[in-house]
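Asks: Residues per chain are reported as follows:
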Amino acid sequence: MNSSNYIVFGRRLTAQISFAIGMSLIVLFSLVPAVLILVISFTDIRSLPYLPTRFVGVENYLTFFSSAQIGYNLSALKNTFVFAFAVTFFQNVIALFIAVLLNQRLVGRNFARAVVFLPTILGVTVIGLIFSLIFNPSAGPAAELWAAFGQSSAFFGDPNLAMALVIFVQVWSGIGVAVVIYLAGLQAIPQELYEVADIDGATNWQKLRNVTIPLLAPSVTANTLLCIIGALQSYQLIYVLTGPINPATQVLSLAIFTQGFGGAQGGTVQSQGYAAAISIVQFVIVAIISLATLAYLRSKETAL
Amino acid sequence: MTTPLPVAAPPRPIAAREDTPVGRHRLTPLTLVGYALMLIVIIVYAYPLLFLINTALKSNAEFLVNPTGLVRAPEFGNFVAAWEQGNFANYVLNSVLYTFVAASLGTVMSLMIGFPVARGYVKHPRLWQGVFAAMLFLPNTLVTVFQMALRLNLYDTALGYILIMASGVGVGPLLVTGYLSSIPREIDEAAAMDGAGYLRYLFTFLPKLMAPVLSTIFILQAIGVWNDIILATILFTDQEKWPVTLGLFAFKGTYTSQWSLLSAATLIVAAPLLIVYLFLQRYLVASVVGGAVKG
Amino acid sequence: MATMKLRAGRARYFRLIALAGATALALSACSGAEAPAPASVPTDTAAVNGELNILVSSAAGSDAGFKAVNDAFAEEFPNVTVNFTAVPNENYNQARTSRLTAGSIDVGLANPRELPSYVPESNMGDDARLADAGGFVDLTDQAFMEKFTPSVLEQTRYKGKNYTVPTGLSYYTGLTYNKEIFAENGLTPPTTWDEFITLCETLKTNGITPISIGGKDTAGIIMLSVVQSTYPTAQAKQDLAQGLYEHTIALNDDEQLEVLQKVEKVYSYGQPNFAGSNYSQMTSEFLNGQAAMISDGTWNVGSLREAGGVDFGYFPLPASDTAADNASLGGKAELSLAVPSNAKNKPAAMAWMAFFADNYELFNDEAGFAPSQPGVASDEFYTGIEQYTETFEPAWDTIWIANTSAGQAAALPFNWQGIQPMGAGDAQAAADAAQRDWDAAK
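Chains as they are written, first to last, in this note's numbering: chain A, 1 to 304; chain B, 1 to 295; chain C, 1 to 442.
Chain A extracted, bound-state conformation:
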C-alpha cells in the first residue's frame, strides 16, 4: 500500500463501502444506460410497440460513415473544432478575469455576480430569442449600431459573420457557470499567501500569476473540461440562432441531432439504433479530446 494513501481513519472498508453506495445510483442511471446505448447501436430498435428489434451488427455505423452526408459531416467537424476551441479559450480566460474581478472588495459585486449568472438559469430558447431580436438585420439595436457606421449586415444570415456571432452568444451564456466555479476555487486560496506576497513586495500582476493562477489550477481543469465538452456537444443555441442546416455554423453535434433525432410528425425515419450509433461516434470523438485534455491539465496541476 502506498504510504501517501494511508488511510488515517482506520479501516479502508468504510471508505470503499460508502464509495460504492455513492456510485451505485450513478452506475444504475448514468453508466448502465450509457453502456446500453452502445448495445442498442447494434440493433434497429425503434422503441415502439408492434415493431420488432433486430440485431444488425455494424450496419448503423457503416451507414453513418458511408452516407453521402459524410462530406457535410466533415465540414461540420471543421466548424466544430473552430467553435469548440474559440469558445473554450474565450470563455475560460474572460471568466477567470471576471471571477478575480468580482472577488475584490467592490461595491455592487453581488449584483454583478447575479447578473453574470442569470443567463445560466434562463435557458437556451429565451437566450436565442433575445439575441435573434438584438441581431435582427432590419430593426434591431445591432442593426442601428451598424447603420451608425454606414454598414448593414444580415448578422446570423451572413455566412462570414454567423460563426463569430454564435461563438459570442455561446461564450456570453456560458461565462456564468465558469465564474461560479472559479469563485469557489478562489476561496480555496489561503489569505496568508497573498499577505506573504504583499510582504515580499509583489505587484498585483505578480500575485495573480504566482499565487492565484497556480492554485486555481484544479478549477481551470474543471472549467476547461466542462467547456470543451459543452462546446463539442452543444447544438441547441446554434439551432435556435441559425437553424439546423446552415453550412456556415453547422457543428457535428447539430448534424448528429438532425440525422438521428430530428423528425416531423410522422415519426422519425432513422431508427433509435442509428441515433445511438452516431451518439457513440460523437462520444468517442469527445472522449479522445477530453481525456487528452484532462491528462494534460492534471499533469500541469501537479507540476505546479
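What the hints contain is simulated information worked out from the structure, not anything from laboratory work.
Just so you know, these numbers come straight off a predicted model, no measurement behind them.
Even glycine gets a Cβ: it sits at the ideal position worked out from N, Cα and C.
Errors might be hidden in some of the hints.
[What the hints assert, rightly or not] Covered stretches of chain B, going by a simulated chain C footprint (3 or more residues, C-beta under 8 angstroms):
(1) 58 to 64
(2) 107 to 115
(3) 186 to 200
(4) 226 to 236
(5) 244 to 252
Go by the hints and put chains B and C onto chain A.
Replies: Okay, now just chains B and C, sitting in the frame of chain A:
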C-alpha cells in the same frame, strides 16, 4: 501539491474577504479600473436581460408589430397571465421538491465518491477520475434510461424522476477532487487524531471546509434539475406531477409561439433559482483552512 | 482485507455486465411483434368510462379548440376523465414514442406516409411501419369518417385505409398581401408569372418592399409555392418524385432548374439582408406597412388578425405563365388524430373521435385552420380563398419522401438553401449541387 502553510506564524485573526468594510478602502487608481471593468461587465450582461424584460412587457399584439423596439404600452399583467396560463401554481411545489431532493442527493453523492478518489482510498484513483470526466460527455441516454425506469416500475413516479435526476451529478465529483487537493492531508490526520471516524469526518468536518465548492455543486445541479424539460416530458403522464418547466409548453406553438408571454414565464421560472443563488453567496467566502490548522 | 477489496471491485463489474446483458435481453424480448388487436367500434354512452389520455402537439389555437371539445365531451360522457396533454412540436415524437411504449396514450397524432415502390425501404417512417404492423386502429369504415371532406381523406389514406382523422387544413403556397397597399398602388392579385413580376417591380419603384422574407424560418415556403404552380396536381408531383428517384429527370435541367431560377427571382424582391431575418421581423414589417406581401402559411391568420391594423388577403404565388396552373393552393392536413392499437381505453377513444367529428365546429371555431369538413361555417378568410381550395391539393413536401442517404442539398428538392442570399451560389449552382448530392445517394 500542498503548499506549506506558515504553521509557526504569529497568531492573527483570519480575515474572511467579506470582513473589511468597503467604505474604509482607499480609492486607488487600481480600484477605479476595477469599478470601470465591473461596469462594463454589468452592461454587457444587463443589456440583453433588460431586452428580455422589455419583451416580456409587450402584449402579444404589440410584439407582432414591434418585436425589437422599446415597449410602448407595458403590460405588467403579462406576468400574472403567464402564471395562470402556465398553470405554475400547481407545478411550483413539484419543481421545488424535485430540485431540492435531487440536488441535495447529488451533492452528497459527489462528496461521497470524490473524497475517497482524491485521497486514494480506493484502487485506481486515476481511472475513477477518468470515469468522472467521462460522465460529462456520456451519450444521450434518454432512450435507455426510460426503458430502465419502465421496467423498474418507476415510470410516471416522482421517485423515479428524482433518482434519475440525482444521478446526473455532472461536474460535481471533479470539482470535489480538484478542491480537495488544496486541503492538506494534515487536516485529515488532525481530525482522526481527535477521534473522528471516516463517516463523521466526511459528513460533518468536510462540508464546513468545502462549503464554497459544495454550494457550487448544489446550485449547478439544481439548475439542471429545475430547467429539465425532456425527461419530465417522457417520464410523466400524470400532469399533477409536472415540474414548472412543462408549464412553459402552454406558450410554445408549432409555427409561432407567444414570445412575450414565454419571456415573462421564463423570468418567473428563473426567479426562484436566482434567489437560491443569492442565498448561497454567503457560502462563497474565504475558506477557514488556515484557521483549522492553527486551531 | 485485500481480497475483500478485490472481490468488492470485481463483483461490481460483474453486476454491471449482468445488468446490462439482462436489460438488453429484456429490451429485445419486450418489443417483439405482438398480434395487433382487432379494431373496435364506438359503444353506447353507458359503457364509456375511465380515463382518456390524449396527446397532441401544442399551438394556441388548436389547444383552445380541443379544450372546447373536451369540455363538451365531459358533459355528455360524465364517467370519463379526459387527460389532455399538449407538448411542443419539437418534443412531440419523443413524448409519443415513450407513451406508446408505456401504453399510456389513447388518442394521439400520426401521419403514416405511404412509400411508393421506387423509394428504398430504408426511408420508411415510424408511423408507416406502425401502420403496417397494425399499430393503429383502422378507422376507414367508421361512420364518423364520412363527415370529412372526401378529397382530404383520399390524400391521407395509407395503403387504402384511413388511420387518421384530419382536424383541419392549412395552405402555404401563397402570399399574404396587404389589401390597402395594393389598392393605393392600383394593384390586384396577379394570376400569371409576368403579372407577378410587374406587380413586384411597381411596388419596388414606389419604395415598398414587395415581399418580406423571414430567411431563418420561412424562405423555403417560396420554393414550395413555385413548385405548386409548376406541378399543379398531385399526379404531376408524384411523377416528379418518381422521375427523380428513377433518375429519368435531373434537378439541374428543364423545368426543375426553372423552379430554382424563379425562386431566385422572388428572392430578389425580398428586403435587404433577409437571410438573417426571422419570422417575427417579417411579420412586423408586414403589419407596419413596410412590406406589401409575406410568404406565409394560413396557420397564422389568427395572430395576424389579433395584431390588427392590416386588412389582408391571400393568393397563390403564380409561378406559371398559365393562369390555370396558378389557381390552386397546396396544403396539408394538420394534426391528424389516430388511436393506437394498444390504447387502454379504446371504447372511450372511439367515442371521443366520433364526438369530435360530430361537434367539429367547436374545434374549428378556435383552431384557426381551414375546415376539413364540408359545409362548416369558417372564418371569412377561408371563405375568401375558397376559389383556390375547392379540391384539396397536397403541397410538394407532403408528397416527397426524402432519401435519408442523400446529402443536405438533395434532402428536400429544390435546393432553395443554395441560392443567394440564403446560400452561396445562383440557381444553376444550387441545382448542380443538389443533383450531385442526389446522384451520390443510394
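Asks: Would you check chain C against the segment 58 to 64 of chain B, counting CB to CB pairs closer than 8 angstroms, and say if three or more residues qualify?
Replies: holds (count 4)
Asks: With a cut-off of 8 angstroms between beta carbons, are at least three residues of the segment 107 to 115 of chain B near chain C?
Replies: Check failed, 0 qualifying residues.
Asks: Okay, the segment 244 to 252 of chain B and chain C, do three or more residues pass the C-beta test at under 8 angstroms?
Replies: This one holds; 3 residues, not fewer than the three required, reach chain C with a Cβ under 8 angstroms.
Asks: Go check the segment 186 to 200 of chain B versus chain C for me, would you? Three or more residues, Cβ under 8 angstroms, otherwise it fails.
Replies: violated (count 0)
Asks: Examine the segment 226 to 236 of chain B for residues whose CB is less than 8 angstroms from any CB of chain C, and state whether their number is three or more.
Replies: Contact hint for the segment 226 to 236 of chain B vs chain C: holds, 5 residues under 8 angstroms.
Checked against the numbered hints given earlier, this structure breaks hints 2 and 3; the rest are met.
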